[in-house]
Amino acid sequence: LGHGSGGLLSAELLRDVILPAFGPAAEPDRPLEDAAVVRLPAAEVVMSTDSFVVDPLFFPGGDIGSLAVHGTVNDLAMMGAVPRALAVAFIVEEGFGLDELARVSRSLGRAADAAGVRVVTGDTKVVGRGAADRLFITTTGLGVRLPAARPSAGRVRPGDVLLLSGPIGLHGVTIMSTRSGLGFETEVGSDSQPLHHVVAAAVAAGGDAVHALRDPTRGGVASALNELAAASGAGVVVEETALPVPEPVAAACDLLGLDVLHVANEGCLLAFVAPERADAVLAAMRSCPESAGAVRIGRAVAEHPGRVVVRTGIGAERVLDMLVGEQLPRIC
Amino acid sequence: MRIAAPHEPGPEKTRILVRVQGVVQGVGYRPFVYGLACRLGLGGFVGNDGRGVVIEAEGDPGALNRLVDALTGQAPPLARVERVDVAPLAPLGQTGFSISASERSGPRTVLVAPDTATCAACLSEMADPADRRHAYAFTNCTDCGPRYSIVRELPYDRRGTTMAAFTLCGPCEREYEDPLDRRFHAQPVCCPECGPRLRLRSGDGTELPGDPVKGAAELLAGGSIVAIKGLGGYHLAVAAADETAVRTLRHRKHREERPLALMVADVAAARRLCEVDGAGESLLIDAARPIVLLERRHETGAAVAPSVAPGQRSLGVMLPYTPLHHLLTAAHPDPLVMTSGNLSDEPIAYRDDDALRRLAGVADAFLVHDRAIHTRIDDSVLRVSRGAALPIRRSRGYAPAPLTLPWGFPRDVLACGPELKNTFCLGRDRHAFLSHHIGDLENHETLRSFAEGVEHMRKLFSVTPRAVVHDLHPEYLSTKYALDYGDLDEEVELVAVQHHHAHIAACLADNETAGPVIGVAFDGLGMGDDGTLWGGEFLVADLAGYTRAAHLATVPMPGGARAVREPWRMGAAYLDAVFGSEWPDVAPVRAMAARRGERFGQVVAAARAGLNAPLTSSAGRLFDAAAALAGVRDVVSYEGQAAVEFEQMADRSECGCYVARIESGAPLVVQGGDLVESVLTDVGAGVPTPVVAARFHNGLAATVVEVCELIRRDTALDTVALSGGVFQNVLLVERCVTGLEAAGFSVLTHRRVPPNDGGISLGQAAVCGARDRLR
Ligand SMILES: [Fe+3]
Ligand SMILES: [Mg+2]
Ligand SMILES: [Zn+2]
Ligand SMILES: [Zn+2]
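Quick note, the sequences are listed as chains A and B, same order. Take the first sequence: its letters are residues 1 to 332, numbered as in this note's numbering. Take the second sequence: its letters are residues 1001 to 1775, numbered as in this note's numbering.
Treat the hints loosely; a few may be bogus.
Stated by the list, open to error - Partial selection, computed: residues in chain B whose CB lies under 8 Å from chain A:
1) Ser1124
2) Glu1125
3) Asp1128
4) Arg1132
5) His1134
6) Ser1344
7) Asp1345
8) Glu1475
9) Tyr1476
10) Gly1597
11) Ala1605
I should point out that these hints are in silico values taken from the structure, not numbers from a laboratory. Note that beta-carbon positions come from the ideal geometry of N, C-alpha and C, so glycine has one too.
Next comes chain B alone, as it looks inside the complex (with noise of 0.2 Å):
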C-alpha cells in the first residue's frame, strides 16, 4: 500500500506496521532497518519474530514510503526479501528507533539462509596485519559464513546454532550488540580470542606442532593426503599437479575413475586451467561457491595430474569459500584436490570423532577444528550450458532456501524423492524447500542422514506433512520410508507419483509454469506405470498429469542393475533386438564378442530367456548401448561413466546424423535400435569415433525434434520440457534446443534445480500440490 498524507497539512505523523518475510533473519536485515529508519529520522522499532522482520515506524508519510521501498530494493546481501506487508497503525508520537530482542514464541516461518562464501570485507580484515582477525580461519559477518550448516533449531540466533560452544569475548561481543557494526547479530560471529581453533594432527590423531595452515600445505606439498574440515563435512586434499598422490589418493579410497574437484586460489588460477567465459566466471565467484564443470584447456601441463579426470574434456574447479580456504589457498597456491572425505559408496563424513576412524586409513593428517557442522552438506555442482548454469548437483550454497512457486500448496506436503541422488521436499505455502544432496539411500549411513534431515527440516520451517509423495517403485528405500510414514500417522495422506512425471514437473516448477508441455524425459531408469522401466519417454504433462504420448522401443536389460554397470550388456540386448538372431557380421560386435569371451553368449541367452532382465525404454541405456559398440568402454567404474565420455569424445563440428523410425499407434514408439545400427555400420566402415559419437547425438536430438512435431500435430503445444539425468549432456540438450526452436517450440530447461533424480523431490511435491488444488 502507499502511505497517504493526512488530509490536513500540520506536524501530524503516520505510523506503519510493516511485516517482512523470506530470507530475512542472521542476514544483517534488522541493522539494515535500523540504519535506513535512523537517515531517514524515523521513530519505531524493529524485531524478529517466528515469522520474519517486524516494523513499526512512524514519521512523515514520504519517509515512510522510502522506507516501505527501500526493504526489498536496498536489501542486504543475503537477505531475499518474499514479501512486505504494510498495515496502518495509531501514532504514538514516538521519534528515536530501536532494535527489540527475537521473539522465541509464535509460528516459524522465517527461512533460513544457506551457507555463503566470506566476504570482501571479512577477505580484506583477514589480509590486514593490524586487524585482530588477521589470518583468523573463521572469520565471518551478517553477510557471510555458516548459516544453515550450524543451525540446530529456530530462531535463528546463537543459542540455536553450534556457536552456542563459544562464549563471545568482550569485543566480539561489542559487535555483536552494535546495530552499525557489520557484525550485529551475525550468530557464528567470533575472533581469535573466544571462537573456534585450527589444529594439525597426525593421521594416527596426534597434534602437530607450529602453525596448522602453513603446517598442512607443507605435507600437501610434501605429497601427503590431508583431510580438512570445510563447511558442510570434510575434504581430502592432495596436491593436483602430484600424480603419486593422486594415485594414493583414488587407491585409499576406492575411487577408481570418477574425476576429482580442484579448488584454485582465484578466477585467474582458474583461467590458467581451463576455459573461463563470463557465464563461468559468474558462477565460479557466486557467493554458493559451486564446483563448475568448465572446458580444460590443452596446454594445462603439469599443474593437474592425469589421474584428476581421466578422459575428461572438462575440470570441475571451485574457489575458496571459507576463510581457512583463503589462508590454505595462499600458503599452497597450486591448485588443489578437494573431494569428499568419504570411502567411495559412503557419505562425506563430518562429524569429527566419525571422520577420524573412518578418514585414518585415508588421510596422512587432519587440519580440524572445533566448531561442529550441525547438518552435512556436499559441494555444489554445476555445469555451464548455453550461458547458463545446468545444476548437477543443488546443495551447498543453494540448499535450503525455498524455490518460491507461484502457486500455494493447499496441505503440507513432504515429498520422499528417489533412491539415488536423493533429496527431498517440503512444501509449505508457496515454498518447496528442497533438501541439500542426501545421496544413495541404500548406503546406511546415508539413509539414517536422510530420516534425520526430514525431521531437521520439518522443524525449522515447521512443516507438518499432510500429504506424503513416492515413487512407483516399491523398492525404492524412499518409498519404503514414505509408506511407513503413512501407517504411523493416520491423517496423512500417501501420494504416488510416476518417476518421469516427477521429472517434468521439476522443470516445470524450475521454470515457474505449471504447462501443459510436451515432456521429453530422458533418463537411466524409473517405474513406469505399466511395470516396465521407462526412461526414454515423451509425456504430454501439466503440473497434475500425463499421458504417455512417444517412448523408446523397449530392450531387455540382462541382469538388471548389473547392466547399468556393464554397458556392453546394453549393446548385445540392443544388437538381439535389432538383428533377433542373424547378427551383422562386422568389426565392433566381432570385437565386443571378443573381448567378453564366453559372457557374451551367456548374457544373450539370459537376456532371450527373460532371467532378470527387465524390459526398458531407457534413453541412458540406448546411449551405454552405443557408446559401448562404439568401443569407448564395456564396463563403468562410476554411473553414466559411457555416455560422459560418448559426449565429451564427440566431434562439435561433425553435422552427420542417424536416423530412427517412429512408429505409428498410441503411443508412438521410436526404434533406438535404428541409432545403434547406424553406429554398427560406421565403425564397421572405419568412420573415427568422434564423428560416430557427434552423429548418435545429432541423430538422437532430431528424432526429439520429429517427436515432438508429431505430438504438436495432435495437441496443440508448443512448449518442450526438457528433464532427466540425460540432459545433464550438455551436447544433447545444445542440439535439441537448437532443433526444437528452429521448429518453432520454446523449449524449457533446468536452471535452478538440477534435471537428474536430484529434481525429483521438487516434481512430486509440485504434482502434489497441483493436484490437491483440483480438488
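Next up, chain A with everything else stripped away, as it sits in the complex (with noise of 0.2 Å):
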C-alpha cells in the first residue's frame, strides 16, 4: 500500500476495498455523502468513541476489525442502549497489504452486520511508514437506551450483588501467547463478542435495579471494579473462589504470574444488581448464549468505601488495587 499524496488514494481504498468488504452492514446501495444522517426514536441516544491499537491484528477468535465493533458495541451495551449506528476510521500505514486491510473490513462488516448495527459513515488516511503500526481503527457509535435502564458507575449501593456474565481472562491470555507463540493460543481464543443482548435480557429482568454495568476490557476485573467503587463510593468483596477462570487461562497466569484479574477481556460484563432482583437477572443472563456462564462473584458493601478486597479461598482479605503501569512485583 502506497502513501496517498492526496485524498485520491484514500477515496479509491475507500471505494474498492473497504466498503465492498463492509457488505451488508455498509448499506452499500447508499450514495456516499459527506455525513451521514441517523434516523433514532425520541428517546435518550448514547454515544461513545474509541481507539483500537492491538499486537496482533488477528488473533484467535477475532482481530482488530471484529474488535473495533466489539468495543464500542459493548460501550454503548454498558449503558443500557441498542447500538444503531457505527462511524470507523483507518488510520494505515504505507506498506500495510491490502488483502490484510480487506480482510480486516470484511470481519469488522460481519461483526456489525451480526450485531445489528449499520456502519454509517468513516475515513481513512494512509500515513508514512512508523507513523503508525500497520493499522489503527477508531468507531464511534450511536446507540438508544433502553426505557428501563439507568445503569451508572455512581448508582453501586451497599447490598447490591456483583455478577458477572462469564468467564475472564480469555483475551488477554490469547493476545499474550499469540504474540509471543507460547502456545496457549491453541487452547484458547478471545472472548470478544457483543453484550448489547445480555443487557436487555437483564435490562428486561431488572430494571433499574441494574445499578452499574461495566466491560472489564484493559487492566481487568480489577480496574473495572476499581473504578465502579470510586465513582459510586461503594466498597467491594469479590470471592475469589466463585471466579470462572478457564483451565488455560490459569495456567497461562500461572507461568506468566499475571493475577488474573489485572487480564483484559472483550466480552463480558459485570453487573451490580439490587438483591432483590439479583436471582432474576442472574436467570436472564444464563438465558442467553453470550452470558451462559453468568456466575454471582461478590458484592457491595457500606465498608472500606471506595476500595475493592477480594476474600481468598482461606478466608484473607487481600487489597485488589488498580495497577498504576504494569504488574511488577512488589516483594523485596
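Since each chain comes alone in its own frame, lean on the hints to assemble the complex.
So, in C-alpha cells, the structure goes:
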C-alpha cells in the first residue's frame, strides 16, 4: 500500500477495498455523502468512541476489525443502550497489505451485521512508515437507551450483588500467547463478542435495579471494579473461589505470574444489581448464549468505601488495587 | 548547669526549675524524684505535663546538684532520660516536697514506654500465697506491664488507657496514690478484686469451669490448640513436643513450613533446647522479651516436634513476659509453641470478637481476659550475630520508643515505608518514632491497621507531617497512601526516596552516623531509579544522596513475583543469561529440567520473550538461583526460604570460595552468574551441598570485599554499611565483616532496626531530614 499524496488514494481504498468488504452492514446501495443522517426514535441517545491498537492484528477468536465493533458496541451497552450506528475511521501505515486491509474490513462488516448495527460513515488515512503501527481503527457508536435502563457507575449501592457474565482472562491471555508464541493460543481464543443482548435481557429482568454495568477490558476486572467503587463510593468484596477462570487461562497466568483479575476481557460484563432482583437478572443472563456461564462473584459493601478486596479461599482479604503500570513484583 | 553556692555564706537557699524529657511518664519517675528530694531534704514539687516531668526544688546547692545528677544516673528501669534542663528561680522558702497532679493541657511531647516484661518484684508477689496478688495474671507495677498496647491517648494516665474500664478498689487506690509505693501512678495497676479476669472458653465460646490457667494447661497437655490473649494480640499455643498437635495447628492455620516460635519457662529450659551463650542469654532476659533465634542443640530429642521448625538449624525461643505466661509455663512446664493468632497472610488477631470469629476454626479453646488491647503488636524477633543483637522484627518491647538521632528534623516527617514487613516512621526534633511491625499491606486488615497506626502515633507524639516520604515503587500501597495524603493536604510535600538508599540510610541512622559510606544493599527487590528492579547494589551514599557505584548484572525474573515463590525460575533465568542457547549438560541442570517438566522450557521462553520478566540485579534472587540449582528447593512456602536453608546448611568449616568477575565501568557490574556457574560445576562433580553452599557464601563475601576495594580506590571511603534483607544471613554478614575488616574497612551493621524492609521507613525519614537540613 502506497502513501496517498491527496485524498484520491484514500477514496479509492474506501470505494474499492473497504466498503465492498463491509458488506450489508454499510448499506452499499446508499450514495456516499460527507456525513450520515441517522434516524433514531425519540429517546435518550447514547454515544461512545474508542480507538483500537492491538498487536497482533489477527488472533484466535477475532481480529482488530471485529474488536473495533465489539468494543464500541459494548461501551454503548454498558449504558443500557441498543447500538444503532457506527462511524469507522482507519489509519493505515504505508506498506500495509491490501489483502489484510480487506480481511479486517470484512471481519468488521460481519461483526457489525451480526450485532445489528450499521456502519453509516467513516474515514481512511494512509500515513508514512513509522507514523502508525500497520493499522489503527477508531469507531464511534450511537445507540438508543432502553426505556427501563438506568445503569451508572455512580449507582453502586452497599448490598448490591455483583454478577459476572462469563469466564475471564481469555482475551488477554490469547493476545499475549499469540504475540509470544507460548502455545496457549491453541487452547484459548478471545472472548470478543457483543453484549447488548445480555444487557437487554438483564434490564428486562431487573429494570433500574440493574445499578451499574461495566465491561472489564483493559486492566481487567480489577480496574473495572476500582473505577466503579471510586465513582460510587461503595466498597466491593469479590469471592476469589467464585471466579470463573478457564483452565488454560489459569495455567497461562500461573506461568506468567499474572493475576487474572488484571487480564483484559472483550466479551464479558460486570453488573451490580439490587439484591432483590439479583436472582432474576442472573437467570436472565444465563438464558442468553453470550452469558450462559454468568455467576455471582461478590457484593458491594458499606465498609471500606472506594476500596475493592478479594476474599481468598482461606478467608483472608487481599486489597485489589488498580495498577499504575504493568504488574511489577512488590516483594522485597 | 552547675548550681553555684550563694556568694554570702548563711542559711540562704537556692531554687531551681528542672525539666526532664524522654520516657519519663508511667515509669515511676515522679515517685523516684519525690523519694530523692525527701532524702536530700529539699522543698518543692514534681509534676507531669505534656512535655515530660517538671521539678521545682529548693534547698542547699550541694543537695540540688546531687538531685540533678541522680535524675539521669539513678533513673528507674523503664525510664529513658533524654534531656535535663535546669534554670534558676527565686527562692520561696519552701521546705516540704510534694507530687502534683498531671497537667493535661499544653503541647504533647512525652514519650510512651514500650510494653515490658513482668519484673522480679511482681513475680515474687505472685509467688507468695499470702500476697493479695498471689497467682494474679494481671500483676504489674511502675517498672513493668502493658504500656503502648493499652494507650489510647496522652497524657499517659489511667483515663487514657484501656484500663479506664476498671475502677480501682480501696487497697489498689492507696498504692496508686502513695508516692512511696512502687505502684504509685502505675496506670494499669489492679488486683483480683478490681482488675481484669481470665476466662477459659471452648471453641464455641461457652465458658469452661475451674481455674482457667490449669484448664488451659491440661488442654495443651492433651494435644489441644489454645488461643491465648497476650499483650499485643492473640497467640495460638500447642505443646511443642506433640507432633500431631503441631501438624494440626499448621494445617488449620494454613502455615506450611515457616518455623514456629517457642515459649519456655526460663533460661535453663532454653538451654535444654538451644546453645545459649552470654549474648543469647542477655537478649532472652531483656525486658523487651523478644523471640531470639538460637542454634538448636543436637540432643534436643523429643522436646520439640519435627514440624516446629523443619529444616532449621535454629529455633525461635522466648521467655514468658506477662504474668499469665508465667502462670501458664508453671502449669505446663514443657515448651509451648506460641505462634501469632492468625491465619496465614492475615495480621495477628487482637480484638476479642474478631479473634473468636477468625480463630474459631483453628483453636479448640480460648484463654481470654477482659483487658482490651488498643494497638496490635507482634512479638519482636532477633538473631545473634557476632555477640550482639541483629534485629529481624522490631516490635513489642521496643516500639514506640524513638531512636534519638544526632540530628534534628527541620520539619515533621511521615515516612510511609515499604509494601511488605511494613513499618512507618514519624520524625520530629531529634526523634525517629519507628512504628511497631505492621506487616504486608496487600492484606486489607493490615492496610487498615497501617492507616489507623499512622493516625494513632501522629496524635500520641503530636506530629504534624509537613513532608511525607514514599518509595519509588508506584504499586506499593504505602506509596499510594502517601500520594493520597499529599492530595488531601496541600501543605504536605511529597518526597520520594529510592529503596536501597533508604536501606543504607537506615543503617547509618541505626549507627548514628551521616556517612558518606560505601553502602552495600542486598535484598529481594526494590524499584531502582532506572526502572529496573534493584537488589544487589553498591551505593556511595550519605543520608542525603547516593550514586550507584556497582551492582549485580541484571537477569530477567520470569513471572515477576511468581519467581520469588519459585526460586527454580531464577535458576532457569541465570542458566539462560549465563549460557545463552548452549546450556551445559550437567547433572544439576538435567535434574531441574526433569523436576519441572514442560514448565521449564515455557519459563525460559517467557523470559526470552520478556513476558512479565522484569530485569533485576537482586542479590536475593541470585541466592534463589544458586539454592535451586544446588537442589535445595524449587518452590518456597515462605519468603526467603531457599536462601535461609542455603545458609543453614552451609558447612562453616569450608574455606573454598567461588569467584565472580567484576566488569569495569561506571557503575561496575558484578557477574553473579559466575557464582551460579561454579555451583553447577561443583554440584555436577558431586561436591556435597553444604560445601557448595559455603563456597557460594564465601564467594559472595569475597566479591563484596573486592568491589568495596575498587570503590575505595576512587572515593577514598573506608567505611562500609551492610543493609538489606539478605544481611539477615548471619553467615554472610560474618564473612563480609571479617573480609572487610581484614582489608582495612570499618563496617556498620544493624543493631537496633532490622536490615530488612522493617527498617526502610527509618531510612526514608532520615534521608528526608538530611535533605531538609541542606536547604
Ligand atoms: Fe528491601
Ligand atoms: Mg472502551
Ligand atoms: Zn512489676
Ligand atoms: Zn484492686
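Quick rundown of the hints versus the structure:
The closest approach between the C-beta of Ser1124 (chain B) and any C-beta of chain A is roughly 44 Å, which is over the 8 Å cut-off, so the hint fails. With a least beta-carbon distance of about 42 Å to chain A, the hint placing Glu1125 (chain B) at the interface is violated under the 8 Å criterion. Taken as an interface hint, Asp1128 (chain B) does not check out: its beta carbon lies about 46 Å from the nearest beta carbon of chain A, beyond 8 Å. Using the Cβ-Cβ criterion of 8 Å, the hint placing Arg1132 (chain B) at the interface with chain A is not satisfied: the shortest such distance is roughly 44 Å.
Using the Cβ-Cβ criterion of 8 Å, the hint placing His1134 (chain B) at the interface with chain A is not satisfied: the shortest such distance is roughly 42 Å. Hint status for Ser1344 (chain B): holds, given a least beta-carbon distance of 7 Å to chain A, under 8 Å. For the restraint placing Asp1345 (chain B) at the interface with chain A, the shortest Cβ-Cβ distance is roughly 4 Å, inside the 8 Å limit, so the hint holds. Satisfaction of the interface hint for Glu1475 (chain B) is found here, the shortest Cβ-Cβ separation to chain A being roughly 6 Å, below the 8 Å cut-off.
Hint status for Tyr1476 (chain B): holds, given a least beta-carbon distance of 6 Å to chain A, under 8 Å. Checking Gly1597 (chain B) against chain A: minimum C-beta separation of about 12 Å lies over 8 Å; hint violated. For Ala1605 (chain B), the interface hint holds, the least distance from its beta-carbon to any beta-carbon of chain A being 6 Å, beneath 8 Å.
Hint compliance for this structure: hints 1, 2, 3, 4, 5, 10 are not met, and every other hint is.
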